[in-house]
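Given the sequences, and given the hints that come with them, work out the whole structure.
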Amino acid sequence: MSKSLSEKAKGKQRAVDPVEPETPSRELMVRFTEGIPDLVLPFDKKDSVRDVKAKIRTARTQLKNRHLRLIHSGRLLTDGTFLYSWFTSLEERQRRATAREVSAGAATETEVAPPSTLSSKLSWLNCSVGPEFTEGEEEEESKPQTAQLKPLRGFDRLAAAGFSEADIANFRRQFHSHSSGDYLSTNDFATDEEYEEHARALEEQWIDSMDNAGTASLSQSDSTSSAILQGILIGFFFPLFPFFFFRETKPAVFWDNGASVESLGSTVFSRRMQMGLVLGFLVNIMFGFWRYLWGSL
65 MSKSLSEKAK
75 GKQRAVDPVE
85 PETPSRELMV
95 RFTEGIPDLV
105 LPFDKKDSVR
115 DVKAKIRTAR
125 TQLKNRHLRL
135 IHSGRLLTDG
145 TFLYSWFTSL
155 EERQRRATAR
165 EVSAGAATET
175 EVAPPSTLSS
185 KLSWLNCSVG
195 PEFTEGEEEE
205 ESKPQTAQLK
215 PLRGFDRLAA
225 AGFSEADIAN
235 FRRQFHSHSS
245 GDYLSTNDFA
255 TDEEYEEHAR
265 ALEEQWIDSM
275 DNAGTASLSQ
285 SDSTSSAILQ
295 GILIGFFFPL
305 FPFFFFRETK
315 PAVFWDNGAS
325 VESLGSTVFS
335 RRMQMGLVLG
345 FLVNIMFGFW
355 RYLWGSL
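The sequence shown begins at 65 in the numbering used here and counts up by one.
Note that these hints are calculated values from the structure, not bench results.
Just so you know, nobody snuck in bad clues.
For lysine to any residue, the following SDA-like pairs were computed, each having C-alpha atoms within a straight-line distance of at most 25 Å: (1) K119 <-> P88; (2) K110 <-> P88; (3) K109 <-> R236; (4) K110 <-> L140; (5) K128 <-> G194; (6) K119 <-> L154; (7) K110 <-> L132; (8) K119 <-> N129.
Have a look at this one:
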């Protein structure tokens, strides 16, 4: 008489092979400079700029013997940069910057724009097509480029601002230890030069994002202050004329159930401009009252 196997015995009957996770991949839209049709290429975490150039030359045979330079937002990408982690880190920083702007309420109600879908699987790059290879240059193109005089990249640029080597090393250690989007520990680097090149590219990306955030905050503050100042001047010199544009017109919409329709706000002056107009109007009244008291003495 056969006995039923226990759950533990059933589990010992066969060994299930672990399912290997799929390698994440994305699509890259390459736009050329010489009227060549756009090219869509798949790339994964192990593909560097050098590998993408090889794929471009394979897909576009007319570019087989041409110099290629990949550019993103005006920045030239070096051959050792891993594109998947580079784009992922860039999108993560953009997502954090958008979240900070929304939480801080830096933009006005009319200036708030819906955030773009940063998690899209399609990325864009510009490809600058250069002259043809000369003898021996094709072999040098496939090798990692080494320059005699390397320019300062990443946090090494802080040396020009007066930081010591110990400070720069501390910044670099904290940046790569607290950043979860650089993927330095998950990529397979063939040489130390590729590791250093990819790390410097991520540092350059972070520095550029800080510069762009500072420029955006300054431009927002300048536009806000200029709108209020313009409203004060208009409200002081033309105190009554702007108030004719404050009236909110009700749309000619009638529903069967009698529901009210939300009226549209003023399309001539923004909310901050209206604040400046009211303040300028009050300043005009105070100035007129002061002149009246001064003349009656």
